[in-house]
Structures are given as C-alpha cells and as structure tokens.
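K.L.:
Start from the sequences and build out the full structure, keeping to the hints where you can.
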Amino acid sequence: MGDPGTKEVLSLEALQASASLRTGRKHVLSLVVQNRPGVLVRIAGLFARRGFNINTLSVGPTDDDNKSRVTVTVDGATVPIDQVTKQLHKLVNVLKIRDLEPDQTVARELALFKVGVENGPRRAEVLQICNIFRGKIVDITKQSLVIEVTGTPEKIEALEEMLLPFGLIEMMRTGEIAISRGRDET
Amino acid sequence: MRAVDAIMECLKAEGVEVVFGYPGGANLPTYDAFVDAGIRHVLVRHEAGGGHAAEGYAKSTGKVAVCLGTSGPGATNLVTPIMDAMMDSVPVVFITGQVRTDLLGTDGFQEADILGITMPAVKHSWMITDPADIPQAIHEAFHVAGSGRPGPVVVDIPTDLSKADIPYEIGQEVPLDLPGYQPKFEGNAKQIRQAARALAAAKRPVLYVGGGAVAAGAQDEVRELAHVSGFPVTCTLMALGVYPAPDPQWLGMPGMHGTRTANYSMDEADLIFSIGARFDDRITGNLAEFAPNAKFIHLDIDPAEIGKNVPAHIPIVGDAKQVLGKLIPEYESLGAEKARLDDWWEKIHGWQAKYPLTYEDTKDSEIKPQFAIKAIWEASGGDAIVTSDVGQHQMWTAQRYDFKEPRTWINSGGLGTMGFGLPAALGAQVGNPDSLVICVTGDGSIQMNSQEMATATQEGLPVKVVIINNGYLGMVRQWQELFWEKRYSHVDLRDPDNEVPNWMKLADAYGWTGVRLEKKETLVDDLRAAFATPGPVLVDVRVVREENTYPMIAPGAAARDMVG
Numbered sequence: 001m002g003d004p005g006t007k008e009v010l011s012l013e014a015l016q017a018s019a020s021l022r023t024g025r026k027h028v029l030s031l032v033v034q035n036r037p038g039v040l041v042r043i044a045g046l047f048a049r050r051g052f053n054i055n056t057l058s059v060g061p062t063d064d065d066n067k068s069r070v071t072v073t074v075d076g077a078t079v080p081i082d083q084v085t086k087q088l089h090k091l092v093n094v095l096k097i098r099d100l101e102p103d104q105t106v107a108r109e110l111a112l113f114k115v116g117v118e119n120g121p122r123r124a125e126v127l128q129i130c131n132i133f134r135g136k137i138v139d140i141t142k143q144s145l146v147i148e149v150t151g152t153p154e155k156i157e158a159l160e161e162m163l164l165p166f167g168l169i170e171m172m173r174t175g176e177i178a179i180s181r182g183r184d185e186t
Numbered sequence: 187m188r189a190v191d192a193i194m195e196c197l198k199a200e201g202v203e204v205v206f207g208y209p210g211g212a213n214l215p216t217y218d219a220f221v222d223a224g225i226r227h228v229l230v231r232h233e234a235g236g237g238h239a240a241e242g243y244a245k246s247t248g249k250v251a252v253c254l255g256t257s258g259p260g261a262t263n264l265v266t267p268i269m270d271a272m273m274d275s276v277p278v279v280f281i282t283g284q285v286r287t288d289l290l291g292t293d294g295f296q297e298a299d300i301l302g303i304t305m306p307a308v309k310h311s312w313m314i315t316d317p318a319d320i321p322q323a324i325h326e327a328f329h330v331a332g333s334g335r336p337g338p339v340v341v342d343i344p345t346d347l348s349k350a351d352i353p354y355e356i357g358q359e360v361p362l363d364l365p366g367y368q369p370k371f372e373g374n375a376k377q378i379r380q381a382a383r384a385l386a387a388a389k390r391p392v393l394y395v396g397g398g399a400v401a402a403g404a405q406d407e408v409r410e411l412a413h414v415s416g417f418p419v420t421c422t423l424m425a426l427g428v429y430p431a432p433d434p435q436w437l438g439m440p441g442m443h444g445t446r447t448a449n450y451s452m453d454e455a456d457l458i459f460s461i462g463a464r465f466d467d468r469i470t471g472n473l474a475e476f477a478p479n480a481k482f483i484h485l486d487i488d489p490a491e492i493g494k495n496v497p498a499h500i501p502i503v504g505d506a507k508q509v510l511g512k513l514i515p516e517y518e519s520l521g522a523e524k525a526r527l528d529d530w531w532e533k534i535h536g537w538q539a540k541y542p543l544t545y546e547d548t549k550d551s552e553i554k555p556q557f558a559i560k561a562i563w564e565a566s567g568g569d570a571i572v573t574s575d576v577g578q579h580q581m582w583t584a585q586r587y588d589f590k591e592p593r594t595w596i597n598s599g600g601l602g603t604m605g606f607g608l609p610a611a612l613g614a615q616v617g618n619p620d621s622l623v624i625c626v627t628g629d630g631s632i633q634m635n636s637q638e639m640a641t642a643t644q645e646g647l648p649v650k651v652v653i654i655n656n657g658y659l660g661m662v663r664q665w666q667e668l669f670w671e672k673r674y675s676h677v678d679l680r681d682p683d684n685e686v687p688n689w690m691k692l693a694d695a696y697g698w699t700g701v702r703l704e705k706k707e708t709l710v711d712d713l714r715a716a717f718a719t720p721g722p723v724l725v726d727v728r729v730v731r732e733e734n735t736y737p738m739i740a741p742g743a744a745a746r747d748m749v750g
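Chains Z and R, in that order, are what the protein sequence lines are. Here the first sequence stands for residues 1 to 186, where the numbers follow the numbering used here. Here the second sequence stands for residues 187 to 750, where the numbers follow the numbering used here.
Everything labelled a hint here was simulated from the structure, so no lab data went into it. Honestly, I wouldn't trust all of these hints.
Restricting the straight-line Cα-Cα distance to at most 30 Å, the calculated cross-link-like pairs of lysine-lysine (DSS-like) are [as the list claims (entries may be wrong)]:
#, chain 1, residue 1, chain 2, residue 2
1, R, 533, Z, 90
2, R, 249, Z, 90
3, R, 507, Z, 86
4, Z, 96, R, 376
5, R, 590, Z, 86
6, R, 691, R, 705
7, Z, 67, R, 705
8, Z, 26, Z, 86
9, R, 370, Z, 96
10, R, 540, R, 590
To spell it out: a stretch of chain Z is covered by chain R in this simulated footprint if at least three of its residues, at any positions, have a beta carbon under 8 Å from a beta carbon of chain R; those stretches are [what the hints assert, rightly or not]:
#, stretch
11, 10-17
12, 37-44
13, 90-98
Short derived list, chain Z residues pointing at chain R, Cβ under 7 Å [claimed, not checked]:
#, residue
14, 49
15, 50
16, 87
Where a beta carbon is used, it is the ideal one built from N, C-alpha and C, also for glycine.
P.N.:
Quick look at the structure:
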C-alpha cells in the first residue's frame with residue numbers, strides 16, 4: 001500500500017476500519033507504572049468513568065523501586081480493548097502497557113480456601129483433593145483447614161467447585177499476575 | 187530561596203506575563219512572593235471567574251495560562267473551569283494551596299482533597315510532598331498542559347512546604363522526568379500517503395475541522411488543502427475561524443444547530459477527513475445513522491480519539507499542522523482533477539440555495555435575536571474577539587458571526603458552562619489589550635459570574651458585554667416547548683412588575699456604562715456607539731422572548747432529519 005510516488009487509484013470501498021472492535025475474549029493487560037501516590041486511583045478511576053469493567057486487578061512492586069506492576073484482566077466482549085489501552089496510555093504515570101497474548105503468557109493467581117471439616121473421613125478426603133490440586137495446608141484447627149493454591153483461574157475455580165460440598169467457609173483470590181514466556185521482558 | 191520565590195522564578199522562566207487568582211489562608215506564602223516578583227496578577231472575585239479568565243487568556247493567545255486558588259473552597263470553586271478546560275483542551279496550570287502536611291487527612295480547616303476531586307478532570311496533577319520538587323513540578327506542569335493535546339493540570343502545594351527553603355538558583359536548568367508522556371507530532375508517513383490517495387479518490391469529500399486545528403495553529407494548512415483540493419469545509423463549534431466565513435467552500439458549522447448544508451454534506455459524503463475533531467454527540471446526532479456512506483480519515487494528536495465514536499479507516503496520530511504540511515504535497519503529486527467534484531458541488535449548492543440560515547424578522551421595531559447577532563457583527567466590523575456563554579445566544583452567534591480567524595471565537599463547547607463568557611472575555615482582553623473584546627451572553631448566563639464586572643473595572647479591562655435579553659433560560663425553554671409539550675418549568679426569569687436585576691443600576695454599581703437597546707432601526711448604530719465607549723460597557727438588548735434556535739437536530743435524531 002502506498003509506495004512512494006504511486007499514482008494507482010485507491011478504492012474507497014476497499015478501506016476497512018480496524019478500531020474499536022470487541023474481541024470477545026479475556027485480555028490480560030500488564031502495566032508498568034511509576035510508583036507514585038495516587039497512581040492506582042488514576043487507573044481505577046479511568047476504568048470506572050469510562051465504563052470499562054475490571055475483572056481482576058493486582059498491584060505489586062517490581063525489581064525497580066520506582067516502578068510497580070499492575071495486572072488487569074478485562075473482558076474483550078464487553079469492553080473496547082483498544083480504547084482501554086489508549087486511555088491508559090494517556091495517564092502520565094503509566095510507562096508501558098502490554099496486552100499479553102494468551103499462548104505467550106504464563107498467568108497465575110493465588111487463592112486461600114477456608115474449609116470447615118471436623119476430624120474424620122471428610123478431612124482425609126479434603127486433604128486428598130488438596131494434593132491433587134498441588135495445594136498446601138497452611139493452617140489447621142479441629143474445625144477447619146486453610147488451603148493455599150496457585151494456578152490459572154480455571155484451576156482455582158475447579159478446586160472451589162470440589163471444596164464447596166465440604167463446607168467452604170470463605171475464599172480469597174489475588175487476581176491474576178502474568179509474565180511473558182521466553183527471554184524478552186514483559 | 188523560599189519555594190514560593192522559586193515558583194515565581196519558574197513562572198517567569200515559562201514566559202508567564204499574567205496570573206489569574208484569588209488568595210486565601212493556604213496560599214498566603216505564594217501571595218507574599220507576588221509582592222516582589224513583578225508578575226501581573228489579576229484579582230478576580232470568585233475562583234471560577236479566575237479559572238475561566240485563564241481559559242479565555244489561553245484560548246485567545248495560545249499560551250499556557252496560570253490560575254491560583256487557595257485550599258478547600260478555593261480549590262473546589264476551580265473544579266468547573268478545570269473540567270471545562272479538560273473538555274475543550276485548554277492549557278491552564280492551576281496551582282492550589284493545601285493545608286499543612288501535618289493536617290493532611292485530618293479534615294483540617296479548609297481541607298479538600300483537590301487532587302482526588304479533580305482526577306477525572308485533569309490531564310495530569312502533582313501533589314507536592316517534598317518542597318525541593320516544586321520547581322520540577324511547575325515546569326512539568328507547563329510542559330504537560332501545553333504540549334500534545336493541551337489540557338488543564340493541577341499542582342497542589344501544602345502551605346508549610348511552600349514556605350520551606352529549597353536549593354534553587356535563578357535561571358537554573360530543571361530537568362523534566364516524564365518518561366510516560368511522549369506525544370507524537372509527525373504522523374506516520376505511510377498513513378499520510380494513504381490519506382492523500384483516499385482524498386484523491388473521493389468524489390463526495392468533506393473536510394471536517396475541529397479544535398485540534400486551532401491548538402496546532404493549522405489554519406494556513408487547512409486553507410491551503412481546501413484550495414488545492416477544492417473540497418467543501420465545515421468547522422466545529424471549537425474551530426470556527428480556522429476556515430474563514432463566508433467563503434464559496436464554506437458549508438457552515440455542523441451539528442445540532444449547524445447548517446443543513448453542513449449536516450447533509452456529512453450525511454451523503456463518501457469520505458470525511460476529520461482534522462482534530464472528535465465526533466461529539468452534538469455533531470453526529472444519532473451515531474448509528476451518522477454519515478452512513480462515509481469512510482473516515484481521522485487525524486488527531488490524541489490516539490484515544492481515533493476510533494472512539496466512529497470507525498477510523500485511515501488513522502493518523504499527529505499534529506494537524508505538521509501532518510497537513512506533509513499531506514498537501516502528497517495530494518498535489520497525485521494530480522486529482524477538481525472536475526470530479528462537480529456533481530458534489532452542484533448538490534451542495536442546491537442545499538445552500540434551498541436551506542439558507544434564515545428567520546422571520548419582526549414587522550415592527552422589536553429585535554429578533556438573530557438580527558441582534560448580525561448587528562453585533564456589523565457594528566464590530568466582523569473582527570472582534572467574541573466570547574459567549576451557553577445557550578441560544580451561543581448558537582446564534584456561532585451560526586451568524588462569520589468568524590474569519592481562529593482564536594477569535596471563545597466559548598465553552600464540551601462542558602457547556604454558563605458563566606464562562608464574562609470572565610473569559612476578561613482573560614481575552616488581558617491577552618489582547620488592543621482588541622475589541624465582546625461577550626455575547628444571555629440574561630441567565632451573565633448572572634452566573636456577574637461578580638467579575640468588578641474585576642473588569644479594577645483592572646481597566648474595557649470589555650463590551652451584550653446581553654441577548656429574552657427574560658428566559660431560553661434554550662431550556664425551547665426544549666420544554668419542543669419536547670415537553672410547552673410545560674414551562676422554572677425558566678421564566680422576568681417578573682414584568684418587578685424586574686431584577688435592574689441592569690442599568692448593576693452596570694452603574696460596578697462603574698460600567700449601561701445601555702438598554704430596544705429598537706431594531708437604530709441597533710447597529712447604537713451598538714457601534716457602545717463599542718466605541720471607553721471602559722467596560724453593559725449592553726442590554728431586549729429581544730423577542732420566545733424565539734427558537736433553528737435549524738436543529740432533535741436529540742437522538744439523525745442529521746438528515748433536521749427541523750426548523
């Protein structure tokens with residue numbers, strides 16, 4: 001298209017618009033932001049006022065004290081993902097945004113499950129399920145267990161499903177963090 | 187030196203000639219620094235007036251303006267001008283005082299979280315936590331406000347930090363640290379070439395010009411492209427004057443109260459070249475039915491505007507002046523014949539002949555508001571700087587004043603802020619001391635910031651305020667008439683037996699000249715005399731009460747279904 005000096009007539013009918021498409025899939029956005037007061041409010045406020053729904057959001061330090069990493073997951077079926085990234089780019093404290101390709105990304109979250117179990121066969125059954133999911137028991141009392149597990153959201157949801165019949169007292173999830181596969185920086 | 191003295195030095199280094207503001211407890215140190223700084227300070231009567239005055243200064247001069255307010259209510263009074271500047275991309279640095287750091291977060295006297303309150307309304311903001319950072323924050327604030335897509339910024343300075351001594355030398359180089367802020371100016375060469383080819387292929391093109399062309403100072407390029415291509419041109423409310431009106435290629439303004447010709451042209455166009463415009467809902471009407479046959483070339487310095495409301499077939503991120511400068515020779519090299527537009531122009535001329543901007547004049551001496559706007563145009567020679575408030579008078583002025591140059595029409599477009607016009611006129615007069623500055627306002631709008639009449643007198647600003655006085659909140663009345671079965675609810679401002687305010691006494695009270703005009707026959711001459719009167723003048727023009735602003739795209743309707 002458009003080599004220098006071309007006089008070839010362009011057909012207006014053939015022009016395609018690309019912007020503002022709904023992709024229909026989950027997007028994991030990985031942001032590097034300046035570690036300044038109020039940065040998270042700016043990001044969260046942007047999502048709220050533009051009507052972009054956040055599925056999960058996690059924030060943490062990086063290897064550089066001046067920078068933090070924010071991982072946001074959004075649903076590309078309900079949110080125009082190009083608008084999300086363009087609006088985020090306008091925030092002066094946002095240094096870098098990557099919309100991570102699912103097959104080029106390792107994404108994990110951590111969950112803690114508190115399960116009510118008295119001593120007896122049910123406790124053994126929960127321990128067995130916990131092992132299958134490679135979970136760890138991080139607290140134990142006569143009435144309860146706390147299981148720590150990491151994995152994809154799908155894995156965590158599967159474990160939740162398995163634990164529900166035993167009396168799940170509560171559950172906490174961090175939301176996903178993600179890193180790109182291979183040598184290059186995320 | 188004291189941080190506040192460093193602020194003054196930073197302002198001077200940024201070329202600041204004037205600051206609009208209002209002092210209070212938390213910014214007392216800054217005001218102390220003004221005593222010796224040698225920077226002009228315009229003392230307004232309300233912070234909102236200061237903010238809008240700063241906007242008027244910035245919009246009329248293209249310079250970054252500065253506005254000061256104290257903490258708490260001083261800062262919250264600035265919220266409307268800050269949001270107004272955000273919507274219309276006006277570069278203003280707002281510097282607010284804040285309570286002492288030891289009181290922060292304690293609900294201290296006159297404490298307000300102004301950074302939190304204004305976060306959705308600023309391009310960026312800075313909270314000072316270390317006084318040594320103040321010079322850098324000030325310079326960064328100017329850079330962010332004035333570059334790329336301009337906009338308002340806020341620097342919030344706790345009063346104890348502003349008094350601190352900091353290591354700063356006059357003239358010191360202050361490096362900026364803004365790694366996340368890199369606006370793009372040049373435009374992608376391939377996209378520019380593609381745009382030129384699309385323009386050369388278009389048979390029913392429209393150049394649709396917005397405020398970005400004003401910010402970029404791209405009027406010469408827009409005019410050149412129009413002349414080289416022979417394309418019809420429409421400018422949004424924010425861009426009136428970028429292309430001079432009237433002119434054979436001028437379609438008038440598009441949108442809700444634009445001309446039928448401009449709206450029908452967009453509706454039937456095969457290619458719309460948007461130059462720094464953003465397809466606001468007041469332009470597009472029902473978005474689903476907007477320009478159904480058109481492809482879009484969208485040039486904007488803000489990538490987030492591209493593809494936001496309409497699809498962009500050829501997106502170009504860049505500065506309008508720079509991009510058009512490259513695009514024009516590309517277009518010329520393609521040798522497109524103007525004759526291909528003959529059918530298109532025939533159609534446009536048909537609309538222009540059939541649907542001129544018109545109104546039915548009165549049979550007696552009574553003044554129609556449309557007549558009043560034309561009279562203002564004539565009496566001012568058509569080249570005044572005109573500010574307006576918001577409502578019917580604003581639309582009548584936009585339709586009928588025939589602006590010839592950018593930055594001569596100053597109004598609140600995006601936010602639609604009543605009370606904008608008078609303080610904006612003061613700011614414009616400060617920035618353009620030798621120009622005739624006229625504020626066209628309504629009897630509703632003017633009362634939202636009429637306290638600034640005192641500022642005009644004290645500062646010697648000879649603005650001419652023309653009230654298009656119909657005794658109504660006219661635009662709301664019009665909507666109630668058209669869409670609410672004429673059930674008038676709280677729009678009548680006039681009690682004929684006890685009219686308030688007495689405009690002539692109000693003018694007198696503030697040391698202004700007051701004139702009341704009611705006769706069509708002498709209106710132009712009377713206005714000419716008023717504009718020639720030294721000092722500020724309040725002109726109360728009595729107009730027909732229930733005149734509607736037409737034509738009009740009803741809310742939610744398509745452009746082709748304009749009424750009136």
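K.L.:
Please flag the earlier hints that this structure goes against, numbers listed from lowest up.
P.N.:
1, 5, 7 and 15
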